[in-house]
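Whenever a hint applies, use it, and build me the whole structure from the sequences.
The primary structure of each chain is shown beneath.
Protein chains: 2
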Amino acid sequence: MPKCRICGRKAVVYLRHSRLWLCSEHFNEFIENRVMRTIKRYNLIRKGDRVLLGLSGGKDSVVLAHILSKLRESIGFKLYLAHINLGIGEYSEKNAEVAKKISEKTNAPLIILDLRKILGVGIPELALKTRRPPCSVCGVVKRYLLNALAVELKANSIATGHNLDDMATFILKEFLVQNLEQIPKLAPRIEGVKDYLVAKIKPLYETYEEDIKKYAELNNILYVEEKCPLADETTLTWHLKKHLRDLEYRFPGLTIGFIRRLVKNIEKYPKPGDTIRRCSICGMPSSGKICSFCKITEKALGKPMGPHAREYIKEIVDKSIID
Amino acid sequence: MPKCRICGRKAVVYLRHSRLWLCSEHFNEFIENRVMRTIKRYNLIRKGDRVLLGLSGGKDSVVLAHILSKLRESIGFKLYLAHINLGIGEYSEKNAEVAKKISEKTNAPLIILDLRKILGVGIPELALKTRRPPCSVCGVVKRYLLNALAVELKANSIATGHNLDDMATFILKEFLVQNLEQIPKLAPRIEGVKDYLVAKIKPLYETYEEDIKKYAELNNILYVEEKCPLADETTLTWHLKKHLRDLEYRFPGLTIGFIRRLVKNIEKYPKPGDTIRRCSICGMPSSGKICSFCKITEKALGKPMGPHAREYIKEIVDKSIID
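As given, the protein sequences belong to chains A and B, one line each in that order. Just so we're aligned, residue 1 is where the first sequence starts under our numbering, counting upward by one. Just so we're aligned, residue 1 is where the second sequence starts under our numbering, counting upward by one.
Incorrect hints may appear among the rest.
Here are the in silico distance ranges between beta carbons for each label pair [said to hold, decoys possible]:
hint : chain 1 : residue 1 : chain 2 : residue 2 : range
1    : A       : 237       : B       : 139       : 28 to 38 angstroms
2    : A       : 280       : B       : 261       : 45 to 55 angstroms
3    : A       : 43        : B       : 268       : 24 to 34 angstroms
4    : A       : 265       : B       : 288       : 16 to 26 angstroms
5    : A       : 195       : B       : 268       : 32 to 42 angstroms
6    : B       : 235       : A       : 20        : 55 to 65 angstroms
7    : B       : 19        : A       : 185       : 26 to 36 angstroms
8    : A       : 307       : B       : 235       : 17 to 27 angstroms
9    : B       : 37        : A       : 274       : 27 to 37 angstroms
10   : A       : 274       : B       : 185       : 26 to 36 angstroms
11   : A       : 265       : B       : 74        : 52 to 62 angstroms
No lab work stands behind these hints: they were computed from the structure. We treat Cβ as the ideally placed atom computed from N, Cα and C, and that holds for glycine.
Below is the structure:
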């Protein structure tokens with residue numbers, strides 16, 4: 001029976017990437033330390049920060065909520081949770097339920113933005129009416145609403161649950177299509193612009209997806225296991241992730257080694273050429289004259305809904321008793 | 001029964017990457033045109049050039065010998081074949097036999113360099129005595145001897161049979177280990193330095209390995225199918241190639257698209273920092289004071305054998321009746 005490398009008690013987890021058997025207590029310590037080190041190494045959260053975490057209800061953001069709530073005291077920051085109800089039927093309802101429970105468990109205030117209340121429609125209708133892939137529309141909507149909310153909350157950063165496997169896959173994909181300029185945008189921290197674009201941080205940048213799953217299991221953390229019914233499992237990204245997992249299995253530590261070297265090299269990649277402008281309709285960040293959110297909503301609903309969404313979010317923040 | 005897209009006759013080959021059924025004649029034309037376009041696009045061979053092809057006896061270099069011998073007239077260059085007998089038992093003997101036959105078939109003069117005649121030992125002994133992986137020692141030896149021979153022959157370039165899958169795999173591997181400076185060295189043409197370093201060209205840079213196999217089959221081209229008995233099939237490179245093949249199957253054209261975009265981007269990668277010096281013992285190219293060939297032979301045999309190898313090659317070239 002394998003024993004914990006730290007304390008010698010019965011081990012319950014084997015971390016292949018680190019060739020390490022650990023008991024449940026020291027596994028938790030290992031993962032929490034890793035997230036802490038990621039935060040320190042890349043300067044993700046500073047003392048006194050207001051951090052808004054995008055909480056989908058899936059394992060990554062839920063585990064991140066738990067870990068950040070634990071680290072809150074020692075670093076000294078405020079944690080807020082944001083859940084966007086995307087209006088994807090029962091799937092979205094389940095996620096919203098989980099989000100509420102996580103907020104109670106972690107004792108972090110939760111703001112729910114309900115897409116159907118803001119726009120009258122959910123992601124399925126937006127995708128159908130704009131004839132765009134649901135994942136692409138969903139990405140635009142989530143980025144927009146999270147940023148708008150973070151601006152109103154005067155948050156210092158938006159944290160997301162992207163894990164090591166996600167990031168390595170995205171980077172490989174950009175390399176395969178040779179969008180080198182996109183690679184620096186996949187760093188653990190992306191700076192914002194005062195007043196309208198909040199910095200993005202990824203505290204699980206160096207944590208394996210498998211470890212996140214184990215952490216949730218071992219700590220009986222509730223999350224939505226179900227995949228989004230609109231997700232497309234035929235994409236290059238999806239297949240790349242599978243292949244990367246197989247390579248990692250044969251060459252343990254490959255993924256973390258890759259990502260750490262990549263971050264060290266990040267200055268060697270060509271800088272993104274697109275300057276960040278402000279949408280002429282809603283004032284939010286945009287690469288062109290009009291932001292994607294205003295474009296998509298105009299196409300789907302006949303009217304760009306950026307200003308309305310911002311107004312809606314302002315009211316919610318005003319009404320809530322968040323300090 | 002599928003028909004040839006060009007002539008309507010019975011097709012014998014399906015090119016998945018181009019969604020194309022072809023008859024044997026038009027398949028040959030397709031492949032030869034592709035190699036011709038690669039040569040033109042990257043300026044690999046110019047009129048009047050003397051091209052030395054490294055002929056191992058495997059499918060890639062053998063097929064390249066056939067195609068280059070066909071293109072010889074229209075471009076107007078001279079083709080020489082070089083085979084290095086690496087002293088790996090029966091495997092090497094088989095390869096040497098094939099090389100001789102290919103030389104007859106293609107009507108291109110062949111020079112055989114026999115490692116056991118030059119050094120008294122083959123790759124297995126060199127690897128054992130230096131405690132280096134055989135593939136690494138073999139790479140050093142082949143590069144050294146081919147370049148030394150090309151210098152004596154006053155060749156304009158050394159052609160090798162590296163195919164599209166090889167190159168894409170090597171590049172992916174350098175990306176995963178983040179040796180970005182190595183990526184420009186994997187371009188279709190690497191310039192030489194007058195008098196001691198001959199340019200390297202890869203005319204099969206845009207040709208899929210599978211197509212090369214089919215070309216050999218359809219044209220009854222003899223080659224050694226056996227893998228080198230010293231080859232290591234547990235390396236990252238070996239696994240990456242398998243994964244890339246699987247991705248290509250799902251996303252036909254992925255590999256060629258990747259490699260073409262990469263070559264277009266090549267200026268965006270950091271330049272290799274190492275300057276090419278000359279070995280203080282033999283005068284051949286080296287990144288340090290002493291070249292790898294002199295180092296390896298000194299370690300294995302007690303004496304750096306660069307000068308002797310060069311002398312040996314000079315004599316062979318003087319004795320041969322190559323113009």
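Hint-by-hint comparison with the structure:
1. A:237 <-> B:139: 28 to 38 angstroms: holds, 34 angstroms
2. A:280 <-> B:261: 45 to 55 angstroms: violated, 33 angstroms
3. A:43 <-> B:268: 24 to 34 angstroms: Once the Cβ atoms are compared, 27 angstroms apart, the range 24 to 34 angstroms for residue 268 of chain B and residue 43 of chain A holds.
4. A:265 <-> B:288: 16 to 26 angstroms: holds, 24 angstroms
5. A:195 <-> B:268: 32 to 42 angstroms: holds, 33 angstroms
6. B:235 <-> A:20: 55 to 65 angstroms: 25 angstroms Cβ-Cβ, so the 55 to 65 angstroms window is violated.
7. B:19 <-> A:185: 26 to 36 angstroms: Holds - the Cβ-Cβ distance for residue 19 of chain B and residue 185 of chain A, about 33 angstroms, lies within 26 to 36 angstroms.
8. A:307 <-> B:235: 17 to 27 angstroms: violated, 57 angstroms
9. B:37 <-> A:274: 27 to 37 angstroms: Because 33 angstroms falls inside the window, the suggested range holds.
10. A:274 <-> B:185: 26 to 36 angstroms: Roughly 31 angstroms apart at Cβ, these two residues keep to the hinted range, so it holds.
11. A:265 <-> B:74: 52 to 62 angstroms: Check failed, 44 angstroms falls outside 52 to 62 angstroms.
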